[in-house]
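Position chain E against the provided structure of chain B, taking the given hints into account.
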Amino acid sequence: MKWIVFACLIGIGVYVFVRLLGRLSLNVWTGAVASGLGFALVALAVFISFRVLNCPDLTVDGSFPLGAAIAASMIVSGMNPYIALPIAVLAGGFAGVVTALITTRLHIHSLLASILTTTALFTINLRIMGRSNIPLLNTNTIVRPFIGEFRTFIETFGGASLSKLATSLFMILYVGTLVLLIKLIFDWFMRTDLGLSMRAMGDNPQMIRSLGKSTNMMVIIGLAISNGLASLSGAIYAQFQGFADINMGTGIIIAGLAAVILGETIFRPKTIAAASTAVIIGMILYRLVIAAALSVALPLPGGLIVRVGPQDIKLATALLVVGVLAITHLRKRESIEK
Amino acid sequence: MLRLLGLSKTFYHGTTNAVSALRDIDLHLPAGQFTVLIGSNGAGKTTLFNVISGVFPPTSGRIYIDGVDVTGWPEYRRATLVGRVFQDPLLGTAASMTIAENLSLAMLRNHRFKLRPGVTSDRKQEYVGFLEPLGLGLEDRLDEPVSLLSGGQRQAMTLLMASLGGPKIMLLDEHTAALDPATVTRILEMTHRTVRENQLTTLMITHNMQQALDYGERTLMMDDGNIILDLNFDQKAEMSVMDLVDKFGEVRRKPLFEDDLLLNA
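Going down the list, the protein sequences come from chains B and E. What the first sequence shows, in our numbering, is residues 1 to 338, in sequence order. What the second sequence shows, in our numbering, is residues 1001 to 1265, in sequence order.
Pulled out of the complex, with its shape left as it was, chain B reads as follows:
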């Protein structure tokens, strides 16, 4: 039974990969990597709440568009886009604190607490934006001052054919550097006294209480950092895609979770630095898999061909997460049986 499932999963994987190689243009590849990096901080945020703290939190669904809303509103009203970033982090952190307070003070399960916060954030995001969508074309974003020169640079070196890729490549360089920087700070933080205590809290909360530290405080600090990162991710992503939308956060928690599970399953990290790398790469892989899935055309009996479209992304994501979880489960059972 187990082998049949394995064979099926591997078969599907190979099929998708072959299709991917054949069909995807370079443009789609770089686009997927770029958006993977754009969402990488969400993966890190989900890693903090689900893995480090062991306190499942869905607030990122609200804090990601919160960051986007703040950045877009500030930029449209003519403020410096770089000032928008720390403000987005603070606002997201505050959203995390609200969830943490609901769950620690009122003893409501963190999942429910975060759904409540996310619901409230929907209104708040609408209030911040004033409408459901803010376009950022021809505004002063963090992208704008460099992108023109970068495009010229790419065209002189790679020819006009690479011109289409300029935005994606620029995003990979720019956001990649930023993500790397934050990853290094994250790794350092997780090894400090406070970071160690947060990890121990997820592992064994009784021990943390026995050693004189407040578990509530750990949850508050942890969720603040987690949602601060998600909000920052939203603020950056909105500027690269050129608009903020009230619905851009819907389901992003599943993308983050998919990235965490994918990264952990493939790389099996042993240290915290390896784990943060795995999770970031997991997000890039997730975007690649989604891009690949979108290029798949399923031939049905009777000559019917079903093309996978954007409307299928959610189903594809759910299948991916379940598939990876199934592999993890089977692998675990196998190692126990040995």
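BS3-like, lysine-lysine: derived pairs with alpha carbons at most 25 Å apart:
no.	chain 1	residue 1	chain 2	residue 2
1	E	1124	B	270
2	B	183	B	270
3	E	1114	B	183
4	E	1236	E	1247
5	B	270	B	332
6	E	1168	E	1114
Note that these hints are calculated values from the structure, not bench results.
Only chain E this time, still in chain B's reference frame:
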């Protein structure tokens, strides 16, 4: 060092299901005293521990540690003064983290958080000094996760960690009950040494009457929420396990029939 005044705990207080787990307990443990607490199941031993360590508040009465009234302190704050070891070896250490990281956490007991590396080479040197006397070879495995250790090794780690960071009081709740006989002796010897070296005021729960007579300077026996027997060092030196059982019957006017207690003797 530890003073309990009129300590009572009633579960489901004010309902028809009310259960009195502690009845008006007065107890004073002088600094540095190693006291062993015995009693049958349901006597209130663990309730007493939980009230002292702040897991739940007492129904009435006050708790003083080192002259400070800590009755209203939450559990985590109480833990700055109280080191604890539980029966379950899994409860005292973080399995996914390394030995060095676990020790670093224990060192934080009376410190505020600082954003500095938790494990440094200086600190590791210090930990080697802590671990070598245990004779378990753990000093060579500082960077291994605790999940690779045996139950006995984890309990030894927990005991060490409970004594680090300057607690005033040590509470041991049947901390050898889940271990094999050879390891029990080793852990008890280590307990004796740790308590002596750190001058810790210690209260140890055990189900084993022989242990209660062999270790510590004072033996308390609890039954039905009361302390029914309080033996000092000289008194307990003269006693055998059977004497202890007889004494129980004498005080409570009922025989002590608990296979567990007798078999362990």
